[in-house]
Amino acid sequence: MRDLFLIGFLVTLLLSGFRRPFLFVCAYIYVDIVSPQRLSYYLLSSIPVSLIVFIAAIAGWALSDDKSFAKFTPRQGILTAILLLCGYTTFVAEYPDAALEKWDWVWKALVFSIFMPMTLYTRLRIEGVLLIMLFCLSSIAVVGGAKTLAGGGGYGTLNLMVANNSGMYESSTISAFAICSIPLILYMAKYSKLIPPSIFARVYWYALAFACLLIPIGTQARTGLLCIVLMAVLELRAAKRRMLYLAIMAGIVAAGVPFLPKSYTQRMDTIQGYKADASASTRLAVWKWTIDYASKHPLGGGFNCYIGNKLEIDMSYTTPDGTVVKVIGYDAGRAFHNSYFEMLGEQGYLGLALFLLVHLIGVFRMEMIHRTYRKEEGPNAWVSPLAAALQHGHLIYLLGASFVGIAFQPYIYFIIATEIAFDRYVQTYVKRKIWSPFRKRRSTIEAAERKAAEEAEALAEAEAADAEAETEASPRGFARAGEHRRTQPRWGSASGT
Amino acid sequence: MIDTFSLLLSHVMMGFVFYRMLITPDLNEEPIRSGRSFKPILPKKQQPRRAGVETGEARPGSNRA
Numbered sequence: 001m002r003d004l005f006l007i008g009f010l011v012t013l014l015l016s017g018f019r020r021p022f023l024f025v026c027a028y029i030y031v032d033i034v035s036p037q038r039l040s041y042y043l044l045s046s047i048p049v050s051l052i053v054f055i056a057a058i059a060g061w062a063l064s065d066d067k068s069f070a071k072f073t074p075r076q077g078i079l080t081a082i083l084l085l086c087g088y089t090t091f092v093a094e095y096p097d098a099a100l101e102k103w104d105w106v107w108k109a110l111v112f113s114i115f116m117p118m119t120l121y122t123r124l125r126i127e128g129v130l131l132i133m134l135f136c137l138s139s140i141a142v143v144g145g146a147k148t149l150a151g152g153g154g155y156g157t158l159n160l161m162v163a164n165n166s167g168m169y170e171s172s173t174i175s176a177f178a179i180c181s182i183p184l185i186l187y188m189a190k191y192s193k194l195i196p197p198s199i200f201a202r203v204y205w206y207a208l209a210f211a212c213l214l215i216p217i218g219t220q221a222r223t224g225l226l227c228i229v230l231m232a233v234l235e236l237r238a239a240k241r242r243m244l245y246l247a248i249m250a251g252i253v254a255a256g257v258p259f260l261p262k263s264y265t266q267r268m269d270t271i272q273g274y275k276a277d278a279s280a281s282t283r284l285a286v287w288k289w290t291i292d293y294a295s296k297h298p299l300g301g302g303f304n305c306y307i308g309n310k311l312e313i314d315m316s317y318t319t320p321d322g323t324v325v326k327v328i329g330y331d332a333g334r335a336f337h338n339s340y341f342e343m344l345g346e347q348g349y350l351g352l353a354l355f356l357l358v359h360l361i362g363v364f365r366m367e368m369i370h371r372t373y374r375k376e377e378g379p380n381a382w383v384s385p386l387a388a389a390l391q392h393g394h395l396i397y398l399l400g401a402s403f404v405g406i407a408f409q410p411y412i413y414f415i416i417a418t419e420i421a422f423d424r425y426v427q428t429y430v431k432r433k434i435w436s437p438f439r440k441r442r443s444t445i446e447a448a449e450r451k452a453a454e455e456a457e458a459l460a461e462a463e464a465a466d467a468e469a470e471t472e473a474s475p476r477g478f479a480r481a482g483e484h485r486r487t488q489p490r491w492g493s494a495s496g497t
Numbered sequence: 001m002i003d004t005f006s007l008l009l010s011h012v013m014m015g016f017v018f019y020r021m022l023i024t025p026d027l028n029e030e031p032i033r034s035g036r037s038f039k040p041i042l043p044k045k046q047q048p049r050r051a052g053v054e055t056g057e058a059r060p061g062s063n064r065a
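If you read the protein sequences in the order shown, they are chains U and E.
When we follow the working numbering, the leftmost residue of the first sequence carries the number 1, and every step to the right adds one.
When we follow the working numbering, the leftmost residue of the second sequence carries the number 1, and every step to the right adds one.
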C-alpha cells in the first residue's frame with residue numbers, strides 16, 4: 001500500500017513537471033531527502049529514481065527556463081573546484097572501491113548544488129525549494145518526535161521508518177539537520193507566500209518545530225543538545241522582544257527538564273568528561289590520526305580513507321579515591337565523526353580550505369543582507385528574516401559538523417545553493433547596495449565615465465573641424481543656393497525629389 | 001501507524017505546495033512592482049465639538065446682560 005502511494009505521488013509529481021519544469025528540481029530534492037526508493041519494498045527500490053529525476057531537472061531547465069540568470073557566481077566556482085578535487089582524489093584513492101561507493105552520491109549532490117542557483121530566480125522558487133526541504137525533513141522529524149513522545153526513544157534505537165542507520169536517517173545527522181531547520185520553520189510561519197500565515201499554518205509550523213526539538217532527545221545524540229543551545233542563542237540575537245524570549249526559553253527549560261528520560265540526562269552528562277567516554281576518546285584518536293595522515297597525504301586519501309586507520313585510544317580515568325587507572329584501547333577503521341577532519345583526511349588541505357571558504361562566504365553574505373535590510377518594511381520586509389534564518393541554519397550545521405561526518409550531506413548543499421540564489425535575487429530585484437568585493441568600485445566607474453566623456457569631446461571636436469573644412473570647400477553664393485535648391489524635395493512630384 | 005501518519009501528513013503538505021506552485025503565475029517571472037507607494041489613510045480624528053451653535057449649549061459669558 002505504501003509502495004503504491006509513493007509511486008502515485010512520484011508519478012503525479014513528474015507529470016506535473018511537464019507543465020512546470022521547475023517541479024523536477026523540487027522532485028529531485030524530494031527523492032534525495034525522503035528517499036522513497038528506500039521506504040518502498042519492491043518496485044521503486046529497483047529503479048534508479050534519483051538519476052532519472054536528476055536528468056529530468058537539468059533537461060527541464062535547459063529546454064524551457066530563463067537562462068539570463070544562469071551567470072556563474074564565485075561560490076559556484078568553489079563548488080566546482082571541490083567537485084573536481086573529489087573526482088581527482090577518487091581517481092587516486094587509497095581504497096578505490098570504498099571511494100567509488102561514496103563518489104556515487106557525492107557528485108550528484110555537488111553538481112546539483114552548482115546547478116540549482118540557476119533555477120532559483122524568483123521569490124516563489126526560492127521559497128518553494130525551502131518548503132519542500134522542510135516538508136521532506138518533516139516526514140522523518142514527525143515520526144521521530146511522535147515516537148519520542150510515546151517513549152520509544154533511545155540512542156541508536158529510535159526507529160525512523162527505515163532499518164539502516166545511514167544518510168539522513170542516521171541519529172546524529174538527523175539531529176543536527178532537524179535543529180538547523182528550526183530557524184527556517186519559524187521564518188515560514190511568519191513570511192511564507194505559498195502557505196499564507198493563518199492559525200492552522202502557524203499551529204502546523206510550531207508543532208513541526210517542536211517535533212524537530214524532540215529529535216535530539218529521541219535519538220539521545222549529544223550533537224543535538226549543543227545545536228539546540230546554539231540555536232537558542234542565535235534566535236535571541238534575532239528576537240525583537242528579547243526579555244519575553246528569554247522568559248519563554250527559561251519556562252520551557254524549567255518545565256521540560258523534569259520530563260526528560262533518565263537515560264538522556266545520563267548521556268548528556270558525559271559531555272563534560274571526555275577521557276572515560278569511549279566515544280569521545282575514539283574521536284580524539286581518529287582526529288589525531290587524520291592530522292598525521294594529512295601531513296603524509298597533503299591532497300587527501302580519497303573518500304572513506306578512514307578505513308585504513310589503526311588507533312591507540314587513551315581511556316585512562318581517575319577513581320573516586322584518586323587512583324589513576326591507565327587504560328589503553330585499540331581500534332581500527334573508525335569514521336572521522338567530524339566534517340572538518342573528514343575533508344582534511346579525504347580531500348587534503350586544499351579540500352578543507354575550499355570547504356571552509358564556501359561555508360564562511362555563505363554565512364558572511366547572509367550577515368551582510370540581514371544587516372542591510374534589517375529596517376526594511378513593506379514588500380521587502382521578508383528579506384532580512386530569510387537571510388537571518390539561512391545564516392542561523394548554516395551556523396548550526398557548522399557546529400553539528402564538528403561532531404558528525406556530514407561534509408557532503410546534500411541537505412546543506414541545498415541550503416548553500418539557496419543562499420547563492422537568494423543573494424543574487426536580492427542584488428537583482430531589491431536593489432539596495434550591499435558591499436560586494438566583485439562589484440566595480442566607484443572610482444573605477446568614474447574614471448571610465450571621465451574617459452568616455454573625453455573621447456566623446458575629442459570626437460565632437462574632430463567632427464567640427466571636418467565640417468569647417470567642408471564648409472570652406474563647398475561653393476558659395478548663387479552656386480550654393482542652386483545646390484541647395486536641387487537637394488530640396490519639390491511639391492507635386494511622384495518620386496518626392 | 002505513526003510512520004504512516006507522518007508520511008501521509010508530509011506528503012499532503014508537499015502536495016499542497018506543488019499544487020500552489022503549479023497554479024501560481026509568479027513562479028517563472030518575478031512580478032514587476034509599479035514603484036508607487038500609497039500612504040495608508042486612517043480615519044480622521046474627530047474634532048471636539050464646540051459649545052455654541054453646534055451643540056446648542058450656551059457659551060460661557062453669553063448670558064451677560
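Warning: the hint list may mix true and false statements.
As the list claims (entries may be wrong) - With beta-carbon atoms standing in for the labels, derived distance ranges: (1) Asn28/E with Gln427/U: 15 to 21 Å; (2) Phe72/U with Glu29/E: 20 to 26 Å; (3) Leu14/U with Glu29/E: 45 to 51 Å; (4) Leu14/U with Asn28/E: 16 to 22 Å; (5) Glu446/U with Glu29/E: 31 to 37 Å; (6) Thr4/E with Phe72/U: 29 to 35 Å; (7) Asn28/E with Val11/U: 22 to 28 Å; (8) Thr4/E with Ala59/U: 45 to 51 Å; (9) Pro25/E with Ala207/U: 29 to 35 Å; (10) Ile52/U with Met1/E: 30 to 36 Å; (11) Phe5/E with Tyr245/U: 29 to 35 Å; (12) Arg202/U with Glu57/E: 49 to 55 Å.
Said to hold, decoys possible - Far from chain U, some chain E residues (derived; all Cβ distances over 10 Å): (13) Asp3; (14) Ser10; (15) Met14; (16) Gly15; (17) Arg20; (18) Leu22; (19) Gln46; (20) Arg49; (21) Arg50; (22) Gly56; (23) Pro60; (24) Gly61.
Calculated directly from the structure, the hints in this document are not laboratory data.
These figures come from a predicted structure and were not determined experimentally.
Beta carbons are placed, not taken as given, at the ideal position from N, Cα and C, and that holds for glycine.
Okay, the hints, checked on the actual structure:
no.: 1; hint: Asn28/E with Gln427/U: 15 to 21 Å; result: holds (20 Å)
no.: 2; hint: Phe72/U with Glu29/E: 20 to 26 Å; result: holds (22 Å)
no.: 3; hint: Leu14/U with Glu29/E: 45 to 51 Å; result: violated (24 Å)
no.: 4; hint: Leu14/U with Asn28/E: 16 to 22 Å; result: holds (19 Å)
no.: 5; hint: Glu446/U with Glu29/E: 31 to 37 Å; result: holds (35 Å)
no.: 6; hint: Thr4/E with Phe72/U: 29 to 35 Å; result: violated (44 Å)
no.: 7; hint: Asn28/E with Val11/U: 22 to 28 Å; result: holds (23 Å)
no.: 8; hint: Thr4/E with Ala59/U: 45 to 51 Å; result: violated (34 Å)
no.: 9; hint: Pro25/E with Ala207/U: 29 to 35 Å; result: holds (31 Å)
no.: 10; hint: Ile52/U with Met1/E: 30 to 36 Å; result: holds (32 Å)
no.: 11; hint: Phe5/E with Tyr245/U: 29 to 35 Å; result: holds (32 Å)
no.: 12; hint: Arg202/U with Glu57/E: 49 to 55 Å; result: holds (52 Å)
no.: 13; hint: Asp3; result: violated (5 Å)
no.: 14; hint: Ser10; result: violated (4 Å)
no.: 15; hint: Met14; result: violated (5 Å)
no.: 16; hint: Gly15; result: violated (7 Å)
no.: 17; hint: Arg20; result: violated (5 Å)
no.: 18; hint: Leu22; result: violated (6 Å)
no.: 19; hint: Gln46; result: holds (28 Å)
no.: 20; hint: Arg49; result: holds (37 Å)
no.: 21; hint: Arg50; result: holds (39 Å)
no.: 22; hint: Gly56; result: holds (47 Å)
no.: 23; hint: Pro60; result: holds (48 Å)
no.: 24; hint: Gly61; result: holds (51 Å)
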